[in-house]
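S.K.: Residues per chain are reported as follows:
Protein chains: 2
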Amino acid sequence: MMIRILTLLLAATLAGTNCFSQATQPAVAEDFKPSTLNQPGQEYPQVNSQGYARFRIKAPKADSVRVSLGLGGRGGTRLTKGDDGFWTGTTEGPLDEGFHYYHLTVDGGTFNDPGALNYYGSVRWESGIEIPAHDQDFYALKDVPHGNVQQILFPSKSTSTSRRAFVYTPPGYEKEKSKKYPVLYLQHGWGEDETAWSNQGHANLIMDNLLADGKIKPFIIVMTYGMTNEVKWGRMKDFSIVPFQTVLVDELIPYVDANFRTVANKDNRAMAGLSMGGMETHTITLNKPDVFGAYALLSGGVYNPEELKDKSKAKLIFLSCGSKENPDRVKKAAADLKAAGYNAVSFVSEKTAHEFLTWRRSLHELAPLLFK
Amino acid sequence: MMIRILTLLLAATLAGTNCFSQATQPAVAEDFKPSTLNQPGQEYPQVNSQGYARFRIKAPKADSVRVSLGLGGRGGTRLTKGDDGFWTGTTEGPLDEGFHYYHLTVDGGTFNDPGALNYYGSVRWESGIEIPAHDQDFYALKDVPHGNVQQILFPSKSTSTSRRAFVYTPPGYEKEKSKKYPVLYLQHGWGEDETAWSNQGHANLIMDNLLADGKIKPFIIVMTYGMTNEVKWGRMKDFSIVPFQTVLVDELIPYVDANFRTVANKDNRAMAGLSMGGMETHTITLNKPDVFGAYALLSGGVYNPEELKDKSKAKLIFLSCGSKENPDRVKKAAADLKAAGYNAVSFVSEKTAHEFLTWRRSLHELAPLLFK
Numbered sequence: 001m002m003i004r005i006l007t008l009l010l011a012a013t014l015a016g017t018n019c020f021s022q023a024t025q026p027a028v029a030e031d032f033k034p035s036t037l038n039q040p041g042q043e044y045p046q047v048n049s050q051g052y053a054r055f056r057i058k059a060p061k062a063d064s065v066r067v068s069l070g071l072g073g074r075g076g077t078r079l080t081k082g083d084d085g086f087w088t089g090t091t092e093g094p095l096d097e098g099f100h101y102y103h104l105t106v107d108g109g110t111f112n113d114p115g116a117l118n119y120y121g122s123v124r125w126e127s128g129i130e131i132p133a134h135d136q137d138f139y140a141l142k143d144v145p146h147g148n149v150q151q152i153l154f155p156s157k158s159t160s161t162s163r164r165a166f167v168y169t170p171p172g173y174e175k176e177k178s179k180k181y182p183v184l185y186l187q188h189g190w191g192e193d194e195t196a197w198s199n200q201g202h203a204n205l206i207m208d209n210l211l212a213d214g215k216i217k218p219f220i221i222v223m224t225y226g227m228t229n230e231v232k233w234g235r236m237k238d239f240s241i242v243p244f245q246t247v248l249v250d251e252l253i254p255y256v257d258a259n260f261r262t263v264a265n266k267d268n269r270a271m272a273g274l275s276m277g278g279m280e281t282h283t284i285t286l287n288k289p290d291v292f293g294a295y296a297l298l299s300g301g302v303y304n305p306e307e308l309k310d311k312s313k314a315k316l317i318f319l320s321c322g323s324k325e326n327p328d329r330v331k332k333a334a335a336d337l338k339a340a341g342y343n344a345v346s347f348v349s350e351k352t353a354h355e356f357l358t359w360r361r362s363l364h365e366l367a368p369l370l371f372k
Numbered sequence: 373m374m375i376r377i378l379t380l381l382l383a384a385t386l387a388g389t390n391c392f393s394q395a396t397q398p399a400v401a402e403d404f405k406p407s408t409l410n411q412p413g414q415e416y417p418q419v420n421s422q423g424y425a426r427f428r429i430k431a432p433k434a435d436s437v438r439v440s441l442g443l444g445g446r447g448g449t450r451l452t453k454g455d456d457g458f459w460t461g462t463t464e465g466p467l468d469e470g471f472h473y474y475h476l477t478v479d480g481g482t483f484n485d486p487g488a489l490n491y492y493g494s495v496r497w498e499s500g501i502e503i504p505a506h507d508q509d510f511y512a513l514k515d516v517p518h519g520n521v522q523q524i525l526f527p528s529k530s531t532s533t534s535r536r537a538f539v540y541t542p543p544g545y546e547k548e549k550s551k552k553y554p555v556l557y558l559q560h561g562w563g564e565d566e567t568a569w570s571n572q573g574h575a576n577l578i579m580d581n582l583l584a585d586g587k588i589k590p591f592i593i594v595m596t597y598g599m600t601n602e603v604k605w606g607r608m609k610d611f612s613i614v615p616f617q618t619v620l621v622d623e624l625i626p627y628v629d630a631n632f633r634t635v636a637n638k639d640n641r642a643m644a645g646l647s648m649g650g651m652e653t654h655t656i657t658l659n660k661p662d663v664f665g666a667y668a669l670l671s672g673g674v675y676n677p678e679e680l681k682d683k684s685k686a687k688l689i690f691l692s693c694g695s696k697e698n699p700d701r702v703k704k705a706a707a708d709l710k711a712a713g714y715n716a717v718s719f720v721s722e723k724t725a726h727e728f729l730t731w732r733r734s735l736h737e738l739a740p741l742l743f744k
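Going line by line, the protein sequences match chains B and A.
Just so we're aligned, residue 1 is where the first sequence starts under the numbering used here, counting upward by one.
Just so we're aligned, residue 373 is where the second sequence starts under the numbering used here, counting upward by one.
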């Protein structure tokens, strides 16, 4: 079962590396602007109104500079050198809306774009670029009350370390000193870490905006590192859930319940994860059916009624993916679960693949359904 | 006055770029280990027991790879290419203990070391390497109660944005719901940002360890971006303190006092800064003598008795720098202030220059003196 899910995740991930839109290519509009994820003062990389990305890299003595973004199988986007020592190039087509990881290959070595901010993905800090999405308002930084994202260091006997987690507390958490909150445990994907959901995921801004619009009740989000049992991509069958499950259920949850004002029961505790984090959510919620009251798999597989029966019932099962992944599988699984009497919901992010816009949108859809 | 201080800061910074120890060079010990600041799973860069650094970069088709760390004027450390396509090299001498920023020059372009974590300095995300210090225990991650570092987004009318700050709250802050805490406002240097003190500075770990040892009473630390008035290094005379002073005094302090449990008065509010942040601290504390009760300049200039007279008196003036900067100036300034009746303290970090070990040690010395 675990291997089957992993195979599906792998297929989805590889499908996601070709992140071009499939539309006919229009003429390239010359309205390029710096990506919103550039380092301060950096003009490149740039993005135009159609979603093309343009790169400009100084490497006057290099023989070749390539950008990993673009037509995967054909080696990404090759840059060409100008007389000024800068290598420039534009993707062959528009990229999908949203966030993309990328890196450069300079004379055969892997480096980041010095113009872009870095995001942890693929087990390395990669460059990031943002193609403005038509619905980007829901994760924009607005003049609304903002919650905080706290780095906590919690004791972990099972791993003999102080482990890091990030905790989103909603606006008002500090002032309303007697109020208690439900908690969502939210996991990143393979090759990512506990920084992903607040950096590239904008989980805090999604929550702030939903709260400002009165669309959800406030809750806490906890994000920690889920690959406690380190495995390489090709060795995923060696993955054991036990080390992470121990950290999460026996160490982190008690720490959060002791140090934050939580409603410490099953109905007010949910677990969600993207991709590999969805696989972990699937396994842990089935192993520990009395701990979590709602489950969400974001591009991270599905539940079937058989594996859920005879267990303490979840109040909500949320399944999502991008339309460029396997949306029919997610929709069918939710329908099967509903037919079997579960409160299952599916969501498909239009025109996105196995990337973060799918998961930002998924969180935006999931949050209003939680803790009702 | 401001220009004089800036000239001194500039001189100190340039002096700091030669970060070699001055001792006679011993034979290189072959006990290299991965730097503690490497990305997960990365074997290089490495550091040996003497403080030499060794680099290994894959770039099979490059013509030259250089590391900026090393003998500044002579172009850093040049790597040489092996048959396996990897460029390797070791610094000519041991580096100073502590944290160093660096980057690569690959065929004339500036890139980061893909093996190392990134830290914001020099107005870019640079690679970082750590030479273990003999006194590193005071900023080590230990099995003690840990405070949290919270990212807050506070409204700023003067800049029409939600601005970011990081707030360290000491262990127990969440549980002791009625306790109120003093606050230290702590600024980064030129080219750095509000991430510096908790990332490369380990301010949270320094506090956690001091608290666990019973050496200080708990207080809050607030760190925000201080270069509100963006200026380039060569144009520092154009710097105006007004935009940042407005954000700090009129916007951030009221927000922190409203949203955290602070003792909101002068005697329980201090300001400190390193380098350019020291210059800002100097100017703002003189402009707003009723706001802060203690001042600290870390490699960031000095106060003289004349500029302080006729103003509300500080309870503490702390001046520090590295022994490779201008320690006599700091010591003389503190002596002059004491002679004039001020509670002035100087601290010199042994065998360090204008770099973060100087400032970690300075915070470690400063914290026990604050809020008495």
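Incorrect hints may appear among the rest.
Said to hold, decoys possible - Simulated restraints, written as ranges between beta carbons of each label pair:
id, chain 1, residue 1, chain 2, residue 2, range
1, A, 515, B, 341, 56 to 64 Å
2, B, 136, A, 685, 30 to 38 Å
3, A, 589, B, 161, 38 to 46 Å
4, A, 464, B, 29, 18 to 26 Å
5, B, 160, A, 532, 42 to 50 Å
6, A, 456, B, 172, 29 to 37 Å
As the list claims (entries may be wrong) - Below 30 Å or equal to it, Euclidean Cα-Cα: the simulated BS3-like pairs (lysine-lysine) are:
id, chain 1, residue 1, chain 2, residue 2
7, A, 744, B, 232
8, B, 266, B, 351
9, B, 175, A, 710
10, A, 683, B, 266
11, B, 288, B, 266
12, A, 723, A, 704
13, A, 703, A, 552
14, B, 175, A, 529
15, A, 587, B, 157
16, B, 58, A, 453
17, B, 33, A, 529
18, B, 180, A, 552
19, A, 703, B, 177
20, B, 81, A, 453
21, B, 179, A, 704
22, B, 338, B, 309
23, A, 547, B, 157
24, B, 142, A, 430
25, A, 703, A, 660
26, A, 638, B, 177
27, A, 744, A, 660
28, B, 232, B, 177
29, B, 175, A, 551
30, A, 589, B, 232
31, A, 687, A, 704
32, A, 744, A, 687
33, B, 179, A, 405
34, A, 587, A, 703
35, B, 180, A, 638
36, B, 288, B, 179
37, A, 529, B, 215
38, B, 61, A, 430
39, B, 237, B, 177
40, B, 175, B, 288
Source of the hints: derived by calculation from the structure; they are not laboratory data.
Computed from a predicted structure; not experimentally measured.
Don't be surprised by glycine CBs; every beta carbon is placed ideally from N, CA and C.
S.K.: State for each hint whether it applies.
M.R.: Now the hints, each set against the structure:
no.: 1; hint: 515/A to 341/B: 56 to 64 Å; result: violated, 47 Å
no.: 2; hint: 136/B to 685/A: 30 to 38 Å; result: violated, 52 Å
no.: 3; hint: 589/A to 161/B: 38 to 46 Å; result: violated, 28 Å
no.: 4; hint: 464/A to 29/B: 18 to 26 Å; result: violated, 51 Å
no.: 5; hint: 160/B to 532/A: 42 to 50 Å; result: holds, 48 Å
no.: 6; hint: 456/A to 172/B: 29 to 37 Å; result: violated, 57 Å
no.: 7; hint: 744/A to 232/B; result: violated, 52 Å
no.: 8; hint: 266/B to 351/B; result: violated, 35 Å
no.: 9; hint: 175/B to 710/A; result: violated, 42 Å
no.: 10; hint: 683/A to 266/B; result: violated, 58 Å
no.: 11; hint: 288/B to 266/B; result: holds, 10 Å
no.: 12; hint: 723/A to 704/A; result: holds, 19 Å
no.: 13; hint: 703/A to 552/A; result: violated, 34 Å
no.: 14; hint: 175/B to 529/A; result: holds, 22 Å
no.: 15; hint: 587/A to 157/B; result: holds, 26 Å
no.: 16; hint: 58/B to 453/A; result: holds, 21 Å
no.: 17; hint: 33/B to 529/A; result: holds, 26 Å
no.: 18; hint: 180/B to 552/A; result: holds, 21 Å
no.: 19; hint: 703/A to 177/B; result: violated, 46 Å
no.: 20; hint: 81/B to 453/A; result: holds, 24 Å
no.: 21; hint: 179/B to 704/A; result: violated, 54 Å
no.: 22; hint: 338/B to 309/B; result: holds, 13 Å
no.: 23; hint: 547/A to 157/B; result: holds, 22 Å
no.: 24; hint: 142/B to 430/A; result: violated, 42 Å
no.: 25; hint: 703/A to 660/A; result: holds, 25 Å
no.: 26; hint: 638/A to 177/B; result: holds, 26 Å
no.: 27; hint: 744/A to 660/A; result: holds, 21 Å
no.: 28; hint: 232/B to 177/B; result: violated, 44 Å
no.: 29; hint: 175/B to 551/A; result: holds, 14 Å
no.: 30; hint: 589/A to 232/B; result: violated, 45 Å
no.: 31; hint: 687/A to 704/A; result: holds, 19 Å
no.: 32; hint: 744/A to 687/A; result: holds, 9 Å
no.: 33; hint: 179/B to 405/A; result: violated, 49 Å
no.: 34; hint: 587/A to 703/A; result: holds, 24 Å
no.: 35; hint: 180/B to 638/A; result: violated, 33 Å
no.: 36; hint: 288/B to 179/B; result: holds, 27 Å
no.: 37; hint: 529/A to 215/B; result: holds, 27 Å
no.: 38; hint: 61/B to 430/A; result: holds, 16 Å
no.: 39; hint: 237/B to 177/B; result: violated, 46 Å
no.: 40; hint: 175/B to 288/B; result: violated, 34 Å
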